[in-house]
Amino acid sequence: MTPRRRAAMSALALAVALAIALPLASVLVAPHAVFIDDRARTAQVYLVNTSSAPEEVEIGLSYGYPATDSAGNIFVRLVETPEPGDRSAAAWLRVFPRRITLQAGERQVVRVLAQPPAGLADGEYWSRMIVTSRAVAQNAAEADSMIAVGVSMELRTIISVTYRKGRLETAARLTDFRATIEGDSIIAWVGMARDGNAAFLGTLRLALRDANERAHAEWDTPIAVYEPWLRRIAVPLDGTPAGAYTFHLRVDTERTDITPASLILPAPVIERSLGVEISP
Amino acid sequence: MRTLLRTFPHLRPLAAVLVVWGVLAPAITAQGRQLNPAGRQDIAFGTLFPGVPTTISSTDALNAGQFEVRGQRNSEVRIDFVLPASLATGSFTLPLLFTAGDGSFSTTGSLAGATSFDPRVPLVARLSSNGRLYLFLGGTVLPGSQQASGSYSGTVTINAAYTGN
Chain A
-16 MTPRRRAAMS ALALAVALAI ALPLASVLVA PHAVFIDDRA RTAQVYLVNT
34 SSAPEEVEIG LSYGYPATDS AGNIFVRLVE TPEPGDRSAA AWLRVFPRRI
84 TLQAGERQVV RVLAQPPAGL ADGEYWSRMI VTSRAVAQNA AEADSMIAVG
134 VSMELRTIIS VTYRKGRLET AARLTDFRAT IEGDSIIAWV GMARDGNAAF
184 LGTLRLALRD ANERAHAEWD TPIAVYEPWL RRIAVPLDGT PAGAYTFHLR
234 VDTERTDITP ASLILPAPVI ERSLGVEISP
Chain B
79 MRTLLRTFPH LRPLAAVLVV WGVLAPAITA QGRQLNPAGR QDIAFGTLFP
129 GVPTTISSTD ALNAGQFEVR GQRNSEVRID FVLPASLATG SFTLPLLFTA
179 GDGSFSTTGS LAGATSFDPR VPLVARLSSN GRLYLFLGGT VLPGSQQASG
229 SYSGTVTINA AYTGN
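Protein chains in written order, with the numbering used here: chain A, -16 to 263; chain B, 79 to 243.
Keep in mind the hints are simulated off the structure, nothing from the lab. Check the hints yourself; a few may be wrong.
Said to hold, decoys possible - One-sided and incomplete, this derived list gives chain B residues near chain A with beta-carbon spacing under 10 angstroms:
hint : residue
1    : Q112
2    : L126
3    : P131
4    : N152
5    : L174
6    : L175
7    : F183
8    : Y230
9    : G242
A virtual CB, placed ideally from N, CA and C, is assigned to each residue, including glycine.
Let the sequences and hints guide you as you build the complete structure.
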């Protein structure tokens, strides 16, 4: 075989169909926040395969909570080996089943059972449920001297699991609040810590207001304070004219995403304001 | 209802589904909303030739990988991609490269107004007012000049979590 013919054959051999129709993964997980009462000691999570193909699903537990990195980005910190003082429930929560195959459109109830140690003090104990789903592997048809290539997808959905015992108290504490104008955004640094024996769940709201209390830029998001964090938040100014403004922060316990509302523990509202000057 | 089902017996399966959903739906919404990351389209690199890299842009509607996150409207989510450095078949590998502009996201599903991001670093974004976030992923495969034939495969892992609980 001549080098030219060999090259041509080689090119043919590498005629790759990367667009193999791999099944696309999709598993709905609900609810996104699970609360277990110390009297019931059980909860349910629903999984629904919303794709058109079977899915393999694995369910794991790990201690974890929202945290921030040095750049102020938020992430869910998963801790494989909690420290003795950590409020981890991961070691004594059990999920059943841990591994299942869901057919297209099929629903499955996953039960979470708590077996807390004797003498557990009042308060909240935390874990994260990690639901990993992937399409059931299918053998790709492979022609002689061809290459078939596929990039499959694995989805991991991480939700909170909270065990609650006895009397619960929480409060958020503002540890830092400052702001600077950078380009077309106002950059806020917001530091929060928690008091009490339970996580703070609430909403953080930021608003840039003029002397007439008219809001020019607003931003809000649900927050959770388990351990101290310091977030960097960029709020677009959207053409706000130059001038003197008040940058207002409010942290309250209003949440529309967790029901019933009684699951949200009461806590004092925090409000702070800063003077901000936007240059022409 | 019974009269209706006697008259139209073929509606019985539908009625059963509605009854099951009626039981499940309140339970599903209790304590919180759902989170549902979903694949919409795999990355399609098309035909490869030895020694010739092939790049798919994240703005390539036909070939970019497409994912959708469905959840509570206006909520903030954190998305982490775990990207393979190569695809493999047996002991043979095919390098796969992701760079800073290989991700795009949009809340409308349209690539027209999508925002570029680096899929190698985490993305914190908000779901739309109807609870959607669309992600697009490109990349580059780098076949060697003597790339062996075979069925190469790899896995992209996507981690999705609400930041607020």
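Exercise for the section: Mind listing which of the numbered hints don't hold for this structure, in increasing order? Expected result: 3, 6 and 7
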